[in-house]
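There are 2 protein chains.
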Amino acid sequence: MNDLIASLKEYISEERFKKIEMISANRTNHVTIAVENLYQSHNMSAVLRTAECLGIQNVHIIENSFQYQINKEVSMGSDKWLTIHRYNGKPDNTQACLQHLKQQGYKLVATMPSEKDTMIDDIDISMPTAFVFGTELLGLSQEAITMADEFVKIPMYGFTESYNISVSVALTMMNVCQRLRKSDINWRLSDNEIMALRLEWVKKSIKDVDGILKRYSEQNVPK
Amino acid sequence: MNDLIASLKEYISEERFKKIEMISANRTNHVTIAVENLYQSHNMSAVLRTAECLGIQNVHIIENSFQYQINKEVSMGSDKWLTIHRYNGKPDNTQACLQHLKQQGYKLVATMPSEKDTMIDDIDISMPTAFVFGTELLGLSQEAITMADEFVKIPMYGFTESYNISVSVALTMMNVCQRLRKSDINWRLSDNEIMALRLEWVKKSIKDVDGILKRYSEQNVPK
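Chains as they are written, first to last, in the numbering used here: chain A, 283 to 505; chain B, 283 to 505.
Chain A with its partners taken away, still in its complex shape (with noise of 0.2 Å):
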């Protein structure tokens, strides 16, 4: 793999090639988003526009009655540079993303604003933590908050009684970020992980990237 980053930085700026370096070297799997059945596109696009600035890598959307749909002015194409999972077609496409964050080793805390919930500043994140939203108006369903094992809630001194979903996702997830990258958790990739993610943002920066990886191939054939 490093032989191929290597013929292939050739074609993209040096400017760029630090770049990638550097924003892989801070990506994050520790945490992730799972969102379930958002409906106003621009409340999606907010979401991975946020998850990609933070620098949180994957992103899970359910899709029980709505489908994932981009508005590329809210998005500003940063759905191009984030690993999204997309669960759809099930009967249960809520339990089949949370059962796969479960397998994965993900916490699942639930996000609502209830008395009850711990605040988002007091949850531990010393183990992989996936983080779980709702829809706009009707919040998380049953089986989501049945599957949690915890639940979280943002500070809020006014009468609204949420805030809107996008402004959720960054608020916990900007909290969650910058209590991780204070602390000594190993939240970074794997070496392994990150040499994979540089490899496919190298390829993603070439406009005729198939053209040079056939020419490669042929020119790398063991003879």
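Take the hints with a grain of salt, since some may be wrong.
The list treats identical chains as one, so a pair stands whether inside a single copy or across any two.
[Unchecked claim] Derived lysine-lysine pairs resembling PhoX-like cross-links, with alpha carbons at most 25 Å apart:
{"#": "1", "residue 1": "K435", "residue 2": "K486"}
{"#": "2", "residue 1": "K496", "residue 2": "K362"}
{"#": "3", "residue 1": "K300", "residue 2": "K372"}
{"#": "4", "residue 1": "K398", "residue 2": "K464"}
{"#": "5", "residue 1": "K384", "residue 2": "K398"}
{"#": "6", "residue 1": "K301", "residue 2": "K489"}
{"#": "7", "residue 1": "K435", "residue 2": "K464"}
{"#": "8", "residue 1": "K489", "residue 2": "K291"}
{"#": "9", "residue 1": "K300", "residue 2": "K398"}
{"#": "10", "residue 1": "K464", "residue 2": "K301"}
{"#": "11", "residue 1": "K435", "residue 2": "K389"}
{"#": "12", "residue 1": "K354", "residue 2": "K489"}
To be clear, the hints were calculated from the coordinates, so they are not data collected in a lab.
Starting from the structure of chain A, add chain B where the hints point.
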């Protein structure tokens, strides 16, 4: 004013009055938000909802080319509990707004994702501070940049160059509000401001308030 509140509170539930007391005691004008020329109604609505949730009473809306519109599904009625100042119809509404804020003693902090700016954690909020946010794609106007006293940015770790505008407002204001509430800065409203707000909110909580006020003033005519 106290007598009038005492008379009117009989028309609302005790629970509602307690909420009004608690929320007004937690309101602040020490920090405020000015937004310039937002054109997506869901962004403006999310900004108002965030301000209300965070307890920021005053929001300043500069309408240079776009009129302020509310998306009720996003704002969730939050605008009812805020004091909204609109600047429009003048040759330079940005200047009108920012001069008004300066005259009120606010330091102007422009929010921009540029390298040389101060990180949000490091912005001094000991004096009254107004945070000025620009339009979705173009950011702040030259006028606003020229009038700003300081510049602030939010941490970012990805390729995308900025957060969505309603997310920027939320991340910035949550940061300063949390620091404010933990500090010994005198961030609350004055007693008079709190009483005026309580009266306004009690009135807004009563259906036939006009009829009740008419009867009240007839009964209280000096004899």
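Hints, verified against the model:
1. For the homomeric pair K435 and K486, neither the shortest alpha-carbon distance inside one copy (37 Å) nor that between copies (28 Å) is at most 25 Å.
2. Taking the shortest alpha-carbon separations for K496 and K362, only the intra-copy value of 23 Å comes in at or below 25 Å, while the best inter-copy value is 62 Å.
3. In this assembly of identical chains, K300 and K372 lie within 25 Å of each other by CA distance neither inside one copy nor across copies; the values are 41 Å within and 47 Å between.
4. For the homomeric pair K398 and K464, the shortest alpha-carbon distance between copies (22 Å) is at most 25 Å, but the shortest distance inside one copy (28 Å) is not.
5. In this assembly of identical chains, the alpha carbons of K384 and K398 lie at most 25 Å apart only when taken from the same copy (24 Å versus 42 Å across copies).
6. Taking the closest pair of Cα atoms, K301 and K489 come within 25 Å of each other only inside a single copy of the chain (18 Å); across copies the shortest separation is 59 Å, beyond that limit.
7. Taking the closest pair of Cα atoms, K435 and K464 come within 25 Å of each other both inside a single copy (21 Å) and across two copies (18 Å).
8. Proximity of K489 and K291 under a CA criterion of 25 Å is satisfied intra-copy only: 13 Å inside one chain copy versus 68 Å between copies.
9. In this assembly of identical chains, K300 and K398 lie within 25 Å of each other by CA distance solely across copies; the values are 20 Å between and 46 Å within a copy.
10. Taking the shortest alpha-carbon separations for K464 and K301, only the intra-copy value of 22 Å comes in at or below 25 Å, while the best inter-copy value is 37 Å.
11. Proximity of K435 and K389 under a CA criterion of 25 Å is satisfied intra-copy only: 16 Å inside one chain copy versus 31 Å between copies.
12. Taking the closest pair of Cα atoms, K354 and K489 come within 25 Å of each other only inside a single copy of the chain (20 Å); across copies the shortest separation is 43 Å, beyond that limit.
Checked against the numbered hints above, the structure violates hints 1, 3; every other hint is satisfied.
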